[in-house]
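Go by the hints and put chain Y onto chain R.
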Amino acid sequence: MTEFTSNESLTIDIADDGAVVVHGDIDMAGGPILEAVLRPREGTDAVLIDLADVSFIDSSGLRSLLDAARRAHARGTEVVLRSVGPEVSRLLEITGTSEQFRIDGRRD
Amino acid sequence: MTDVHATDTALSGPVEIRVPADPAMSRVLRLAASGVASLCGFSVDEIEEIKIAVSEVLIALIEHGAGHHVDVSFVVEQGSFTVLGDTEVHEFDLDHPDLRLCRTVLAEVCTDHTIELIDEHARISAVLRRPFKAA
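Read top to bottom, the protein sequences are chains R and Y.
For the first sequence, the residue numbers in this note's numbering are 43 to 150.
For the second sequence, the residue numbers in this note's numbering are -1 to 133.
Worth flagging that the hints you see were computed from the coordinates, not collected in a lab.
Hints are not guaranteed to be accurate.
[Stated by the list, open to error] Partner residues aside, some chain R positions facing chain Y, computed with beta carbon under 10 Å:
id: 1; residue: 49
id: 2; residue: 69
id: 3; residue: 71
id: 4; residue: 73
id: 5; residue: 98
id: 6; residue: 105
id: 7; residue: 108
id: 8; residue: 129
id: 9; residue: 136
id: 10; residue: 139
Bear in mind the structure is a predicted one, so any value in this text is a computation, not a measurement.
Glycine included, C-beta positions come from ideal geometry on N, C-alpha and C.
Chain R on its own, in the form it takes in the complex (with noise of 0.2 Å):
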């Protein structure tokens, strides 16, 4: 796995299956870094986020992983959340926003 940015509070790597795996808090200041993770890495495939070290997110951490979405539906693909946990899935289900994403595995 190698390490691909960060700040203090979130650090993102890139798995060996191509994941962006996320650990740490997804806010206001973590969601920028997400998109620009995110971005360069998008093209005809579904995009793969691993969700499992994630400790915290708010409504901006949510919105990078939706505008993620939307761009990934323009191109005629999709984003797969993987090893949702229950904070990512609270919100997912307060917002009414998880049928923008695929669920691929959650954890407890």
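Relative to the frame of chain R, chain Y by itself:
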């Protein structure tokens, strides 16, 4: 040895913090809120809800405000934790899609929340009262 137990404690006054209107301050204030809430006996699950409320208040004020700083207060009373935020604004569109998303989350997490526009300032009050909705 003294055995110390967390108790449900109100504070005698608000905790008031002024921070730069910088996204990095969101985490700083979440940590501060966690500390205050823990001191006052809120549970881990309740603290997670408080952190979400703090973050959403700051998103609204930093992303949609125009001030150089944001004033945030935490008010703890018996069974409730209130997050108050204030910053200068020029235009503050409550129907902006990003702000609507923020308000949706606040409405879900908080018992009450209000956003007021007064004298070119946006003031947000987010109240979490026991029993918390999801904790």
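How about residue 73/R: closest beta carbon in chain Y under 10 Å, or not?
holds (8 Å)
Less than 10 Å between beta-carbons is the criterion; does residue 71/R satisfy it with respect to chain Y?
holds (4 Å)
Given a cut of 10 Å on the nearest C-beta pair, is the interface hint for residue 108/R held or broken against chain Y?
holds (9 Å)
Proposed interface contact between residue 49/R and chain Y, which counts if any beta carbon pair is under 10 Å
holds (7 Å)
Hey, does the residue 129/R contact hint survive, CB to chain Y under 10 Å?
Holds - the Cβ of residue 129/R comes within 10 Å of chain Y, reaching about 8 Å at its closest.
With a cut-off of 10 Å on the beta carbons, see whether residue 136/R makes it to chain Y.
holds (4 Å)
Min Cβ distance, residue 98/R to chain Y: is it shorter than 10 Å?
holds (7 Å)
With a cut-off of 10 Å, does the beta carbon of residue 69/R approach a beta carbon of chain Y closely enough for the hint to hold?
This interface hint holds because 5 Å falls under the 10 Å limit.
Hint status (Cβ of residue 105/R to nearest Cβ of chain Y, threshold 10 Å):
holds (6 Å)
With a cut-off of 10 Å, does the beta carbon of residue 139/R approach a beta carbon of chain Y closely enough for the hint to hold?
Constraint on residue 139/R satisfied, holds at 9 Å.
Of the numbered hints listed earlier, not one is contradicted by the structure.
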